[in-house]
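2 protein chains.
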Amino acid sequence: MTCDLCQPTLHEILWQDDFCRVVLLNDADYPAYCRVELIAHIKEMTDLAPEQRARMMKVVFAVETAMREVIAPDKINLASLGNKTPHVHWHVIPRFADDKHFPNSHWGEPRNDALQTSIHEPSRASILMFKDKIKAYVTCALANH
Amino acid sequence: MTCDLCQPTLHEILWQDDFCRVVLLNDADYPAYCRVELIAHIKEMTDLAPEQRARMMKVVFAVETAMREVIAPDKINLASLGNKTPHVHWHVIPRFADDKHFPNSHWGEPRNDALQTSIHEPSRASILMFKDKIKAYVTCALANH
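Residue numbers (the numbering used here), protein chains in the order written: chain A, 1 to 145; chain B, 1 to 145.
Treat the hints as calculated values from the structure; they're not laboratory data. Don't take each hint at face value.
In this list, chains with the same sequence are indistinguishable; a pair is considered to hold if it fits within one copy or across any two.
[To be verified] Heads up, simulated DSBU-like pairs for lysine-lysine below, C-alpha to C-alpha not over 30 Å straight-line: (1) 84 x 100; (2) 100 x 131; (3) 43 x 131; (4) 135 x 43; (5) 84 x 131; (6) 100 x 133; (7) 135 x 100.
The structure displayed is predicted, hence computed values, not measured ones.
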């Protein structure tokens with residue numbers, strides 16, 4: 001079966017090296033939603049060597065840091081599931097108390113009061129700053145390795 | 001508001017130190033489902049120092065390793081959400097191709113063919129081995145720190 005993550009990505013790449021990449025999903029409900037994708041087709045985090053797991057998580061946490069500083073969500077959600085695409089990738093999702101699914105998982109039930117929810121669309125300036133900070137923080141996190 | 005994770009846990013503690021603990025949730029649909037819970041009431045992973053984040057992830061990956069060896073799920077799901085309980089905790093969930101929600105998130109829609117699904121209840125011997133391996137692997141992972 002073809003793996004979607006082994007194909008050229010359709011998403012904007014915010015940072016990448018030969019180990020992993022950070023992409024912006026342009027999710028309609030969660031505009032700053034990012035994914036950190038391993039380049040190699042590997043299924044589980046524990047299929048990686050401990051130092052590779054640590055490297056992956058440093059990238060995830062660098063994205064989280066940039067997201068908190070620029071997007072300022074009420075909560076960060078991190079997840080590595082891969083049931084449909086068993087190729088290591090981390091979801092980094094900015095959640096707001098008035099978003100479509102809060103406090104449920106964004107994979108769960110939408111709220112009943114959907115008309116009262118907001119999509120937190122960052123300004124163009126914020127998105128530019130977000131991208132710049134992701135590049136800087138990932139670079140910095142890996143340099144300190 | 002009272003934080004559930006700041007109360008004495010109702011779950012069986014499989015391993016703990018003064019930083020975090022591993023508990024077995026005895027989830028009806030996912031019997032080997034574990035959670036790694038930070039002891040301190042801290043909201044986000046990036047509120048922790050980098051070496052504390054690394055320590056937390058080593059514990060998560062030690063649980064994943066034990067789970068793969070003993071429970072042998074088709075996929076591991078890892079997640080730190082905390083929308084309802086903003087106190088750092090990691091879900092470590094063994095997923096099977098015939099479980100109640102696969103390939104959806106276990107927070108998502110159950111499958112339509114629910115009658116065809118299985119609950120993968122480990123044997124008593126497997127659960128004992130699972131608990132022993134969690135203790136051993138967490139201890140080992142942190143000793144190599």
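Notebook entry, point to check: Can you list which hints this structure breaks, lowest number first?
Noted result: none
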